[in-house]
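Protein chains: 2
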Amino acid sequence: MAVKTVINAAGREVPVQINGKPVIPFKGVGKHRPAGRKYSPPIPSCTDFPPDGNKVVRSLEEALRKCGLRNGMTISTHHHLRDGDLISNRIFEIASEMGVKDLVWFPSASFPCNDPLIKYLEDGTINRIEGSMNGPLGRFVSEGRMNGTAVLRSHGGRVQALQDGEVQIDIAVLVAPTADYFGNARGTGGQSSCGVIGYGKADSMYATKVIIVTDNLVDVPCYPMEIEGNYVDCVVVVDKIGIPEKIVSGTTEITKSPDRLLIAELTASFLEKSGILKDEVTMQAGAGGTSLAIAVFIHEILKQKGWKSKFGFGGSTKYMVKMLEEGQMDYILDAQAFDLDAVKSIENNPNHIPYPVFNAYNYHSKGNLTSMMDIMILGATEVDLNFNGNVVTHSDGYLLHGIGGWQNCLHARNVILPLPLFRDRIPVIVDEVTTLCGPGELIDVIITERGIAINPLRKDLIKKMKGSGLPLKSIGELKEEAERICGKPQKAQFEDKIVAAIKWVDGTVIDVVRKIKKPGN
Amino acid sequence: MAVKTVINAAGREVPVQINGKPVIPFKGVGKHRPAGRKYSPPIPSCTDFPPDGNKVVRSLEEALRKCGLRNGMTISTHHHLRDGDLISNRIFEIASEMGVKDLVWFPSASFPCNDPLIKYLEDGTINRIEGSMNGPLGRFVSEGRMNGTAVLRSHGGRVQALQDGEVQIDIAVLVAPTADYFGNARGTGGQSSCGVIGYGKADSMYATKVIIVTDNLVDVPCYPMEIEGNYVDCVVVVDKIGIPEKIVSGTTEITKSPDRLLIAELTASFLEKSGILKDEVTMQAGAGGTSLAIAVFIHEILKQKGWKSKFGFGGSTKYMVKMLEEGQMDYILDAQAFDLDAVKSIENNPNHIPYPVFNAYNYHSKGNLTSMMDIMILGATEVDLNFNGNVVTHSDGYLLHGIGGWQNCLHARNVILPLPLFRDRIPVIVDEVTTLCGPGELIDVIITERGIAINPLRKDLIKKMKGSGLPLKSIGELKEEAERICGKPQKAQFEDKIVAAIKWVDGTVIDVVRKIKKPGN
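Protein chains in written order, with my numbering: chain P, 1 to 521; chain U, 522 to 1042.
Honestly, I wouldn't trust all of these hints.
[Claimed, not checked] Sample of chain P residues facing chain U (criterion: CB under 7 Å; computed from the structure):
id : residue
1  : T47
2  : D52
3  : N230
4  : H364
5  : K366
6  : G367
7  : N368
8  : K515
[What the hints assert, rightly or not] Quick list of simulated restraints, FRET-style, between CB atoms:
id : chain 1 : residue 1 : chain 2 : residue 2 : range
9  : U       : R591      : P       : R33       : 20 to 28 Å
10 : P       : K240      : U       : G551      : 35 to 43 Å
11 : U       : D573      : P       : R484      : 36 to 44 Å
12 : P       : R33       : U       : R558      : 19 to 27 Å
13 : P       : N147      : U       : G593      : 31 to 39 Å
These are calculated hints, taken from the structure and not from any lab test.
Ideal Cβ placement from N, Cα and C applies to all residues, glycine included.
Chain P on its own, in the form it takes in the complex (with noise of 0.2 Å):
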């Protein structure tokens, strides 16, 4: 049975409802007006609390058991430990031991570590996943093995979404580097330090249970704390929370590529002359390869100017951490540790702070950090020639990423996306994004190795820029010359069935994933 779709704003055809609950389509960028109220869990009562404080029970089994468990209900999970938890698949190991059905996974994003996941995808455990997919988990979405239907968001998206109670979470299970026996718990000491477990926290306000789990027990005060006890109902202490050489995932080393170094070159260059890069900058570059190159570019240039930073957000990575040593940086505000120095450095800086994602992502808040920053670095799988992006698919259609940060960070006053013209002779610069993301008119700039097209809206950018030597091109020859070398792709065949739904930061629907069709099908 088909859904019923409409034609939104961007000119996606998206469904009126997506697993039996209405919701909006995308109006445009700050066209949605939210109504109504935010969402709140029941009271809870210190009737039902041990006086002494003590909520450690015996295993994350009793403790689920004791949240009441069952079929149907949501269950959280934050990432910070990465491809390095030991704990979210163990979740739905327990809930299918027990034989519980139909689960709905929220977690704020899924790694490689997750892909065991499958069998309980399949055998119903879990009806679907709401959140990023890589990887295999992808792939058996984009096939349309699951039963329930993908809902991504953006980190901002998902605090927007629980504070608005379009998702409730049932029981939350937050991993903790050190926790008290009350469940104040923070992201930073023990063995499986991450730095911060900001991800975790709207999910410790907004639901229902709340269950911590630590392998490092501290007495009461776990200080600082990034989640408050008082919204926590168990502790469960295990052995090991995660391994430690793999929170530290993904790539988190300098490109060594000549193309991507170039890209990086071309950006920080294009920085520096366009005047964005200035003395009080507040920027946000993330962790790929080309990112951690511009990061080292724009820090040899803040110092041969005598400049600094005001603040960096993070996704902190060792080069950032070095301009915050250095003095090239005020503060790094950060929401996740991208590699040991970023951990390290949140436990040992003062002016390395986690930083709440309320604050800086929400899009349903009384404003965002995002938004006041002058530089913001991103990437992409696809852009095309309305300077629309896609993260969240490949050009042969399978969903293959999450969207992170992505669409929060749109909203900064310079996005600037450095990208391969081609990947694996794949153009990355397309007629018209496979799916829709982020609209094109928050996207500012797209730096390749072959040329520099800025947006057309931001004429102040294309004055400025005019006569600066840089190679300027419009996002049309970057198209051709793309395909003057590779050939023009072909573009992914799709079947009807929607297998998930891109949410925009607003809460809307922007675009729609559609099952893969297999050559011979």
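Guided by the hints, dock chain U onto chain P, whose structure is given.
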């Protein structure tokens, strides 16, 4: 027209509605189980806030107009500037100039500096105060001159009322010694540093509109942030939010009275001999002259024994800071600073930590820090033969004090009330307290200069203290001794009219204060 009343579980006659809204009579300690969900304010959107994050408006008046100030609204403030607060009165001055009527003032406490508000209570600008009232404001209420009925809550009860939606703040006006233009704010720094502003946090989260008033505007990010700018609508910059020398006020010097010093000595001795004072002890004292002396005696014992307190909970004072600095206390967890040494310590000592009221005191929470604490030293205006305590009225029936954190602190393991046997020749131990603020079952020990009474419910303590050499007496004996010296005091005379309600920590009504019957009336 008299409201309908009932007899509550403590035997007190209380109304079934207050200020036109239904209320729940006290059911007994731990007996009321809340239903429903937490309150939640309207969902905001970044669409309505400046992308550059700058929320500064020209004046408090402009901010109040922007926030839609109108008749009947509830306006909240916090009390961290104590008697040095220059802003609270200004709100109602502006409201009066605008012709706004029937406001409810919901402060976290009021001070003598707020006495000028009497004229706005008289002219109808303010309908009522829901919060503590000392001196003239209390007298005004007791004389039946306030239009609405006062509602007194503990610090934790105030947070509970906000969380549960019993009180819905329309506009919170929160002073901040330091804030940035986005509204991130803290209690340290600048010319009016008061250490912490945590009592304003619940207001920022639950109010519909939030105004930050500061005299120390800093660049983003104001850090550490106790109030997060994502909850803030406007920022107002003024010359001066407070008079520093009055920010520290109340009794913050050690008693010089020989009787009080004797009480302090007996208390310390009791704590030591009972084994309640021990290595790793957790405690809270307060800022009265006797409490301070007790803190000094306790510090001495800790030093002698080579013991350490795990943490002290503040209201912090220089005596607590001394324990921290000299190594007899690991942490001060702080809700408010009582003197400038405490303010300075919060600014400089990473182990002196602003602590959330939600965590320490809110009874409608998944546990409280308070119930984990070993030693709680508290005061009272009266205690009766059943160990019931009164902290709001004097024996003459006048409402002269607020509850502060007193009711919340009663949940600690050992609640000790060091009290003089009489004040101004009026016995402190009475047949029945004038106003019931705390049930006797939660009060463990009364220590006077003429003897110590242990609550018969604490059989363990009575057994332990046998043969301790301390002057143990029954509470009846203490009362008789006082009456032998001072005579039996006359009972206060009241009219029927209810002028104030006293809430228990769970939001139920434990008692009321009635209008004073003047001699000759």
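Hint by hint, here is what the structure shows:
1. Interface hint at T47 (chain P): satisfied, since its Cβ lies 5 Å from the closest Cβ of chain U, which is below the 7 Å cut-off.
2. At about 6 Å, the closest approach between the beta carbon of D52 (chain P) and any beta carbon in chain U falls short of 7 Å, and the interface hint on this residue holds.
3. Because the closest C-beta pair between N230 (chain P) and chain U is about 4 Å apart, less than 7 Å, the hint holds.
4. Hint status for H364 (chain P): holds, given a least beta-carbon distance of 5 Å to chain U, under 7 Å.
5. Residue-level restraint check for K366 (chain P) holds (minimum Cβ-Cβ distance to chain U is 5 Å; threshold 7 Å).
6. Interface restraint check for G367 (chain P): the shortest CB-CB distance to chain U comes to about 4 Å, inside 7 Å, so the restraint holds.
7. For N368 (chain P), the shortest C-beta to C-beta distance to chain U is roughly 5 Å, which falls under 7 Å, so the interface hint holds.
8. With its C-beta approaching chain U no nearer than about 34 Å, K515 (chain P) sits outside the 7 Å limit, and its interface hint is violated.
9. At about 22 Å, the beta-carbon gap between R591 (chain U) and R33 (chain P) stays in the expected band of 20 to 28 Å.
10. Taking 35 to 43 Å as the suggested C-beta distance range, the pair K240 (chain P) and G551 (chain U) conforms, at roughly 38 Å.
11. Under the hint 36 to 44 Å, the C-beta atoms of D573 (chain U) and R484 (chain P), about 42 Å apart, fit the expected range.
12. For R33 (chain P) paired with R558 (chain U), a C-beta distance near 24 Å keeps the hint of 19 to 27 Å intact.
13. For N147 (chain P) and G593 (chain U), the Cβ-Cβ distance of about 51 Å falls outside the hinted range of 31 to 39 Å, so the restraint is violated.
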